[in-house]
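S.K.: Below, each chain spelled out in residue letters.
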Amino acid sequence: MSRYIVKRILQSLLTVVIVVIAVFLLLRLMPTSGYFTRDDYINMTEEMRSAYLRNLGITDPAVIQLQRFFAGVFRGDLGRSITVYPKLPISTILAEKVPYSLWFGLASMFISVTLGFGLGILMARFKDRWPDHLGTAYVVAVRAIPSLIYLFLIQIWVTGIMRWPMVFYEDRPVTWILPVVSLSLTGIAWYGIWLRRFMVDEENRDYIKFARSKGLSQKYIMRHHVLRNAVVPLVQYLPVQLLLTIAGSLIIESIYSIPGMGGLLVYAIKQQDNNLVQVLVLIYAVLGVAGVFVGDLLMAFVDPRIRLAEKKKKKEALRV
Amino acid sequence: MSDDAFTFAPWNPEAAEETGYSHYSYWRSTFRTFIKNRLSLTLLIIMGVLVLFSLLYPVLASVDPNKVALDSSLWNRRPDFAHIFGTDGLGRDIWARTWYGTRTSILLAFTIAFFDVGIGVVAGALWGYVRKSDQIMTEIYNVITNIPSTVYLILLSYIMKPGFWTIVIAMSSRGWITIARFIRNKVISLRESEYNVASRCLGTPLNRILGKNIIPFLVSIIIMQTALTIPYSIGAEVFLGFIGLGLPLDTVSLGNMVNQGRSNFMLYPFQLTWPTVILAVITVSFYIVGNKFADASDPKNHL
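As you go down the protein sequences, you meet chains A and L in turn.
Numbering follows the numbering used here, with no gaps: position 193 of the first sequence is 193.
Numbering follows the numbering used here, with no gaps: position 290 of the second sequence is 290.
No lab work stands behind these hints, which were simulated from the structure alone.
There could be a bad hint or two in this list.
Stated by the list, open to error - With a straight-line cut-off of 30 Å between C-alpha atoms, the simulated BS3-like cross-links for lysine-lysine are:
#  : chain 1 : residue 1 : chain 2 : residue 2
1  : L       : K292      : L       : K186
2  : L       : K132      : L       : K67
3  : L       : K292      : L       : K67
4  : L       : K161      : L       : K67
5  : A       : K270      : A       : K87
6  : L       : K212      : L       : K186
7  : A       : K209      : L       : K186
8  : A       : K270      : A       : K97
9  : A       : K127      : L       : K161
10 : L       : K212      : L       : K36
11 : L       : K292      : L       : K36
12 : A       : K209      : L       : K292
13 : A       : K127      : L       : K292
14 : A       : K127      : A       : K209
15 : A       : K127      : L       : K300
16 : A       : K7        : L       : K132
17 : L       : K132      : A       : K127
18 : A       : K7        : L       : K67
19 : A       : K219      : A       : K209
20 : A       : K270      : L       : K161
21 : L       : K300      : A       : K209
22 : A       : K219      : A       : K127
23 : L       : K300      : A       : K219
24 : L       : K292      : L       : K212
25 : L       : K300      : L       : K186
26 : A       : K214      : L       : K300
27 : L       : K36       : A       : K209
Said to hold, decoys possible - Footprint (simulated), chain L over chain A, 3 or more residues, beta carbon under 8 Å:
#  : region
28 : 16-29
29 : 144-153
30 : 224-233
31 : 274-284
Only a predicted model underlies this, so the values are computations on that prediction, with no experimental measurement involved.
Ideal placement from N, C-alpha and C gives every residue a C-beta, glycine not left out.
Take these sequences, add in the hints, and give me the full structure.
M.R.: This is the structure we're talking about:
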């Protein structure tokens, strides 16, 4: 097991490094004019521009820049923002922005999991009857219609009817409701539809038929056999979703003017704030990879039949 | 009960062979299972009509979707006979714009789906069959899925000029890998499955194994992925328009119309409502039809 964990950590590190390098190289493909504000670009002479770029360190060879970046990260220094918040340490920016996204994300994740599981159980329990059809209609609507449209309509209509402020105010809890609800809509649909699917699959298994013929009550079978086995494949995704809540939601944070992480990345890319983009990508990649890893471990923990290390060996044996 | 109640059938070797053969046709069964469901049939028809109408609209009607009215009394008109969906802030006819926009969005979505699924299926089949490629492909998969999709879309839209092909390249260079993954998993499980091993032992030629045993299983995934890529791509275009990196503003597309309609929504809600309704009908029908057709094309659901 420990060998497996070490191997996975090394693999994950490799993935993160490749992701960072890929984004790093993509960033260098952007035109250098993006590093200036419009006025600066017009007012500067060619020499001033190149001096400015040299000062930023952008004219150095990519390898040197990468080395500098990784060296900084190892020292715990994330660098400073270039254009979005000139000269401000990135850790300060993050410390200010992360809490918003994190709290909204956690609240919505809690709602998504509880309501989503409830929906899934209800749909599986009443398969092919109206709760199932109603649930399916909801899931299809949420997944098929571009989210911008219904999120915007919810904002306009609900704030209009309830006479709430349109945007988020930190000191007015009533304005926290809609962003959290909006954030949860897709999550509820996701957990609901997958839990239903896994429960229905599980119900058709032979051991369930056996349990039923033994005379166990439907309720007991559902709670102790179907649900417990159906939850296992979903557990795998909980950690990654939990960790990535700090990324925030671009659409929701921007329509409700929440000063969180959601818009930061887009803004940083638009302003060509390479340092900031780089750090954000690094953080998201680390969290994503770590989340998948923890998810695998968690799944093995929840379902003792899954043995990660052995599964790996078997695969290798097959490959030979 | 006595033997009189029965007559012995004469032994006939040909008749005995016949029970081993059925007139099962994969495509006919798929189609029959599919049209049995009223909802999916209705949606398929609606979808077909909408797609066909939007593709043919420039031929059928002569209204210019970009024609600006100089007379300000024609701006922001509510829906009436002359303008079924009303006019926008520059007096452009929203009915015409909706169909031109639908056309752009559908063409975009089909192009993306074509590349996504085309590359995905080939890469996925190789990934599943060529065992040496597994490690490299898995690493590529890890890398691509770990770059947040917004980062990727935005970066590419910036590096290239915003436009039709930029969106196609940005979307398909990322989308193929998930489809390839699906296909790979399926190919691996099919390759080793007992009935295929049995077929091979009985000396069934490879093309027959591929055609009768493997492709029918992949078809359901291919169709479903194609159908689901379309609402996803349409949504992505709307999203890119929202962050200002979609199609150029002078291109009529649903994304641009939704974003323009959004800013005028308080005063003229109809400018957002009608394009949105059409958009939603299209994406929802693709989504449902795709899912239902995938169900129908799974041989396990036949009979």
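S.K.: Against this structure, judge whether each hint is valid.
M.R.: So, going through the hints one by one against the coordinates:
no. : hint            : result
1   : L:K292 x L:K186 : holds, 19 Å
2   : L:K132 x L:K67  : violated, 58 Å
3   : L:K292 x L:K67  : violated, 41 Å
4   : L:K161 x L:K67  : holds, 25 Å
5   : A:K270 x A:K87  : holds, 17 Å
6   : L:K212 x L:K186 : holds, 15 Å
7   : A:K209 x L:K186 : holds, 27 Å
8   : A:K270 x A:K97  : holds, 18 Å
9   : A:K127 x L:K161 : violated, 49 Å
10  : L:K212 x L:K36  : holds, 24 Å
11  : L:K292 x L:K36  : holds, 11 Å
12  : A:K209 x L:K292 : holds, 27 Å
13  : A:K127 x L:K292 : holds, 16 Å
14  : A:K127 x A:K209 : holds, 17 Å
15  : A:K127 x L:K300 : holds, 19 Å
16  : A:K7 x L:K132   : holds, 19 Å
17  : L:K132 x A:K127 : violated, 43 Å
18  : A:K7 x L:K67    : violated, 63 Å
19  : A:K219 x A:K209 : holds, 14 Å
20  : A:K270 x L:K161 : holds, 13 Å
21  : L:K300 x A:K209 : holds, 20 Å
22  : A:K219 x A:K127 : holds, 15 Å
23  : L:K300 x A:K219 : holds, 29 Å
24  : L:K292 x L:K212 : holds, 22 Å
25  : L:K300 x L:K186 : holds, 15 Å
26  : A:K214 x L:K300 : holds, 28 Å
27  : L:K36 x A:K209  : holds, 29 Å
28  : 16-29           : holds (count 8)
29  : 144-153         : holds (count 7)
30  : 224-233         : violated (count 0)
31  : 274-284         : holds (count 4)
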